[in-house]
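*Asks:* Starting from the given sequences, assemble the full structure and let the hints guide the process.
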Amino acid sequence: MSIETLTAPPSRWNGLLPLWRQTPLSFRIGLIILLIHFVIAATGPFWAPYGYSQMGTGRPLSGMSWAHPFGVDQLGRDIFSRVVHGAHIVILLSLSGTLLGLIIGAVLGLLSGYVGGWFDEILQRFLEALISIPFLVLALIAIAAAGPELSGNPVLIVLVVALVYAPRIARMARTVAVDIATRDYVTVARLRGESAWSVMRRELLPNATSVLLVEFALRAGYAPVLIGSLGFLGFGLRPPTPEWGLMISENRALIMITPITVLGPGLALASLVVGLNLFTEGLARILGRTVKLGVQ
Amino acid sequence: MTILKLVIRRSLMSVVTLLLVSLIIFSMLEVLPGDVASRILGRDATPETLEQLRTELGLDRPAPVRYLSWLGGLVTGDLGNSLASSRPVSEILAPRILNTVLLSVYAFLIYLPLTFIPALLQALHRDRATDHAFSVVTLVLLSVPDFLLATILLLTFVVMLPLLPAISLVDASSSAWEYLRAMTLPALTLAIVMAVYAVRMLRDNLIEVLDSDYIRMAELKGLSRRRVLLRHALPNALVPTLNVTALNLAYLVGGVVVVEKVFSYPGFGSLLVDSLQLRDLPVVEATVMIAAFVYVVANLIADVAAILLNPRLRNG
Amino acid sequence: MDAPVIAVEGLSVSYRQGAGFNRVVDDVSFSVAPGEVFGLVGESGCGKSTIALQLLGYRTPAMRTDAGTISFDGRDLLALDRAELDRIRGARIAFVPQNPTTALNPGIRVGAQIDEILGAHGYGEAGRRVDRALELFGLVGLPSRPDFLRRYPHQLSGGQQQRVCIAMALACDPAFVVLDEPTTGLDVTTQEQIVALLIDLRARLGMSMLYVTHDLGLLSQIADRVGVMYAGRMVEIAPTEELFTDPKHPYTRGLIGSIPRIEDKSGLPARPLRGLLQRHNLPKGCPFAPRCDWALPECFEDRQELATAGSAREVACWRWPEIEVPEDARALVESPEVEQAGNLLAINDVSVIYGSGRDAFTALREISLDIGEGETVALVGESGSGKSTLARAVAGLLAPAGGEIRLAGKALAGHVKDRTPEERRLIQFVFQNPDASLNPRARIAKALSRPLEFFFGKSTAENVTAALADVRLDGKYAARFPDELSGGERQRVAIARGLVAEPTLLLCDEILSALDVSVQASILALLQRLKTERGIAMLFISHDLAVVRMLADRVCVLFRGDIMELGRRDQIFAAPFHPYTHSLLEAVPTPLKPHPRREATRETAGTTPATGCAYAGRCAWQIGDICDNERPPWRETEEGLRIRCHHTLDELSRRATWPNAAPKQTEDQKVIQ
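Protein chains in written order, with numbering that gives the first Met the number 0: chain A, 0 to 295; chain B, 0 to 315; chain C, 0 to 672.
If you're looking for bench data, these hints aren't it; they were derived computationally from the structure. Wrong hints could be hidden among the right ones.
As the list claims (entries may be wrong) - Quick list of the computed label-pair ranges, beta carbon to beta carbon:
| no. | chain 1 | residue 1 | chain 2 | residue 2 | range |
| --- | --- | --- | --- | --- | --- |
| 1 | B | L277 | A | R237 | 12 to 22 Å |
| 2 | C | E8 | B | V6 | 54 to 64 Å |
| 3 | B | V6 | C | A359 | 17 to 27 Å |
| 4 | C | A359 | B | A305 | 26 to 36 Å |
| 5 | B | E207 | C | E321 | 52 to 62 Å |
Claimed, not checked - Chain C stretches covered by chain B per the calculated footprint, using a threshold of three residues with CB under 8 Å from any CB of chain B:
| no. | segment |
| --- | --- |
| 6 | 55 to 69 |
| 7 | 105 to 115 |
Idealized CB from N, CA, C, for every residue including glycine.
*Replies:* Right under this line is the structure:
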């Protein structure tokens with residue numbers, strides 16, 4: 000036997016279908032729910048029975064019927080159509096706000112964790128302070144600070160979601176960076192004399208992707224709730240936007256008469272969040288991460 | 000010695016955090032964009048009312064001076080006067096805070112059994128039907144926003160089973176029974192939201208501890224199942240649980256904003272929303288500072304408790 | 000043979016994996032006689048720990064017992080319910096875990112943890128239990144003081160924690176003790192103390208034991224019989240001595256052949272086993288067939304059952320009678336007499352201090368060491384001796400508090416960021432843990448091309464293929480991710496990454512210690528080849544003296560940040576020895592070397608005197624106060640071996656007992672010299 004023979008690598012396993020079969024059930028169900036939502040969001044405006052602000056579609060305050068599965072509100076608008084029209088608004092705002100927060104948070108967190116020192120210390124204290132303000136309260140005062148001209152503007156909502164998420168994501172990314180920064184391959188890069196930016200791009204970011212992905216999914220899962228809460232409290236999008244939280248708030252006074260006008264948008268919102276949460280949990284399991292689903 | 004140092008260090012950090020919070024809030028609400036007075040008055044502004052408000056707010060002074068005097072007021076308990084009612088802020092806040100504290104205590108009492116019983120059941124029957132069933136229920140409940148949950152509870156207990164009042168308006172003249180009836184639905188909402196989150200964490204923590212080497216060692220020593228669970232597993236799962244509880248307290252501070260609003264409960268959360276709508280800055284600032292204070296203190300207590308409960312540090 | 004204490008019959012165990020089950024223990028049978036120590040050996044993942052747990056009737060939720068019985072006290076352990084098992088576990092069969100740090104409950108005082116096992120098995124009232132705990136502590140060489148019982152696990156050293164676990168196992172005078180890799184997580188010297196303790200306890204208490212380990216050398220010292228496992232099957236059972244002198248199964252032969260022998264002066268690398276265990280791809284017949292040099296087509300098809308092969312021997316290989324071992328045909332490598340061609344690296348009076356103020360800790364105390372061009376210098380010492388610190392200081396990861404490091408005559412800046420790119424290129428670092436040294440999200444090609452781009456401005460696919468060929472890896476590996484490589488392959492890539500920068504000095508920090516023995520041997524062969532072919536100087540850090548003996552030109556022995564002994568390789572392995580070097584050599588488990596009878600050593604409190612010898616306090620040959628108070632002088636032999644000790648060289652030679660247990664005469668020593 001010879002020690003010095005060239006070793007050939009074992010063959011690589013591949014295939015997409017077996018991969019799908021190996022995914023956790025929660026992931027598959029979550030993905031299917033999400034796909035339904037995405038399809039509705041993308042195509043809904045083309046097939047929804049009525050326009051989102053179209054009045055007089057039926058008898059005001061009528062309940063469930065074939066023509067109006069989610070009933071009709073007091074202005075005579077068809078709630079089902081409004082829910083369908085609202086899908087892309089809720090999904091787009093949630094995803095873009097979360098994405099913005101993720102980008103800001105990840106860059107800040109990774110750099111701060113790798114560079115350390117004063118930069119890190121000051122940034123951490125500042126982020127800690129932002130996190131100490133309950134996120135709904137922070138969102139509310141941010142909207143108040145933006146002033147009346149901007150209120151109700153979708154861009155403001157996106158910025159507010161990013162503001163609420165960025166510190167939390169940054170703190171998490173920092174923990175990851177601190178952990179990765181002690182790995183030998185980062186030390187090797189440091190010994191080579193790579194710059195901090197290069198280390199972040201080549202070594203930290205690729206290794207943080209799975210954590211960041213799970214974090215994104217987790218946060219995206221709560222964004223519709225945050226946007227809905229703002230709408231519900233009257234600080235989010237303006238009527239007649241068919242945002243689900245806003246609709247729940249609008250029709251809540253009539254819950255005694257037509258509960259379905261509240262439960263319809265509620266079902267839409269809850270199922271989207273269930274889908275996102277199932278997807279997140281499954282994704283985390285696939286990526287070998289643990290995830291704590293929930294508000295904080 | 001070292002432990003005292005750790006606690007002091009941790010407390011000082013909390014003070015720094017609170018100072019930064021005050022700075023952030025002040026900057027956001029009073030310094031950042033444009034003229035505060037016109038923002039407060041909005042479209043109803045006339046040059047005279049604007050001028051009057053500016054003097055009232057002391058806007059003629061530079062921002063750092065205003066911040067310091069506001070901060071000084073916060074520390075000494077002088078929170079200024081409400082713009083809407085001209086009453087001292089502290090006078091407005093006091094009964095609201097009391098109401099919210101009562102509500103929170105009630106919510107916590109419901110929360111405890113709602114958390115521990117399912118989590119223990121799940122950990123003991125892990126990967127079996129009970130565990131999976133609870134997992135599904137908690138996941139769905141986790142995805143229901145609190146304002147929707149509140150609305151559904153309202154629908155159930157007020158409309159379908161008319162047991163409880165829809166509106167939880169109480170005041171100083173209300174009897175204890177009225178208070179209790181008024182608080183039940185908001186408290187239940189808060190408790191469910193907190194418990195759902197805590198159950199999942201506690202279950203995972205318990206299972207992590209049950210999977211540890213020392214639990215296996217305890218079983219290999221021939222200790223009974225009961226002793227292994229009560230003496231070896233629970234104490235070690237307690238520290239992470241404290242953390243959950245602190246996080247939940249932090250949630251509570253934000254959660255009351257929505258839930259109190261849904262039930263029109265006259266607490267501190269609905270006060271915040273109302274004063275934001277009235278653009279009553281002194282009240283908003285005071286309320287937000289209190290919310291941050293509760294959050295910071297809750298985390299501080301959890302961390303200090305974790306330090307005290309950790310023999311590694313206790314005898315370090 | 001007496002009626003066995005415990006007998007395992009046809010045991011098969013599976014683990015749940017995804018939807019199906021994966022067989023990890025396959026039809027294993029063996030028994031242990033009263034007073035006998037049975038060793039169970041095999042590579043990681045061969046199923047030996049699973050068997051250890053089964054002997055206590057323990058299974059994790061993912062584990063399923065498919066078949067078999069374990070008879071103990073006339074009952075089948077596998078058929079008992081939890082309450083019956085609770086009465087046996089700890090009382091009749093006890094367990095010593097692999098990692099005492101995680102096995103002891105961090106929140107309960109060690110005394111209470113012993114007390115509860117006594118309580119659970121009805122060992123009298125509280126007062127008597129405390130007496131028993133104290134007695135047990137004395138037995139295992141821990142201070143039998145009440146205040147020691149009141150300590151928490153984290154207040155004890157790893158060795159002390161393992162002693163607590165052993166005391167716990169002995170608490171109820173069990174008939175049988177299962178030890179699951181009880182020394183794997185410990186330091187070499189601590190490991191030796193624990194083994195000595197176990198040998199001593201066994202002699203005194205006459206216990207039966209099952210000793211599970213991956214370290215065959217260690218078993219030779221403690222086991223009466225050894226069972227060798229491969230991929231869930233028992234492939235050979237033999238009395239220990241016969242196993243070492245006359246192994247029959249090809250796998251056993253390979254295992255024994257790949258152990259580096261410290262007494263071997265040839266400088267030849269141990270012969271590694273070919274290939275790797277691929278669990279998911281086992282043949283129907285003998286699991287070892289793909290790696291076996293004697294395998295015939297039938298081996299892949301026919302299941303090999305354990306069959307008698309001489310008295311008290313069993314082998315699961317039908318070819319054993321015909322196997323002949325070829326002579327080791329490799330030529331002896333002369334230790335290349337490195338002429339001091341030129342000095343490459345000069346470390347002058349370097350001190351490294353961690354922390355500051357009251358917490359300051361001196362990791363290195365005025366170290367001076369030169370490395371010549373193409374020379375391999377080994378740094379040897381236990382963990383905490385400062386050997387890694389020195390390498391990190393040379394690499395520029397830690398700035399020395401005093402002294403200077405010069406590369407080719409030019410002083411190097413303390414921090415790597417202040418060094419020139421050329422200086423950074425000339426010194427390359429290879430780390431201990433191959434799992435952490437490669438970016439898991441970067442393909443191998445990227446790991447190798449980045450330094451090329453960085454230092455030389457460009458990199459081509461040919462460069463990468465050539466770099467892989469240099470470490471004997473196929474070019475196809477370039478497209479792989481690190482997790483698709485084995486530990487040994489990853490370590491080869493890490494070495495290749497260092498080599499592409501064309502360094503003059505390679506810093507190797509324990510690069511073999513995370514690898515299986517058989518893999519170690521092949522990496523070692525690679526390093527030897529690089530040394531002769533490319534003339535790269537190496538600073539080779541290792542706690543393994545057998546490996547050092549094969550690779551190093553010179554050896555530097557460190558203890559608590561101070562050099563104890565420094566000299567050419569052959570001089571280090573011959574008298575006179577520094578007392579610390581001597582204790583290190585004694586600690587090396589060598590197959591079949593009778594363990595020196597000694598008092599089961601006690602844990603010593605280790606405080607380094609500020610002024611005296613760093614080794615004072617641990618030294619077996621300590622003279623007296625002079626060791627504590629005065630820094631010892633350098634003593635130098637005519638050949639240039641330097642020893643830092645208050646003893647004279649003659650005295651040190653006289654006291655040396657290694658490699659034979661009997662002390663030598665000073666005269667003999669002189670003749671040899």
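*Asks:* If a hint holds in the structure, say so; if it doesn't, say that too.
*Replies:* Evaluated hints:
Restraint check, B:L277 to A:R237: a C-beta distance of roughly 19 Å satisfies the suggested window 12 to 22 Å. Look at C:E8 against B:V6: about 59 Å separates their beta carbons, and that is inside 54 to 64 Å. For B:V6 paired with C:A359, a C-beta distance near 25 Å keeps the hint of 17 to 27 Å intact. Against the hinted window of 26 to 36 Å, the Cβ-Cβ separation of C:A359 and B:A305 comes to about 29 Å, which satisfies the hint.
Between B:E207 and C:E321 the beta carbon distance is about 53 Å. The supplied range of 52 to 62 Å therefore holds. Residues of the segment 55 to 69 of chain C lying with their CB closer than 8 Å to a CB of chain B number 3, which satisfies the three-residue condition for coverage. Evaluation of the coverage hint for the segment 105 to 115 of chain C: fulfilled, as 4 residues show C-beta separations to chain B shorter than 8 Å, against a requirement of three.
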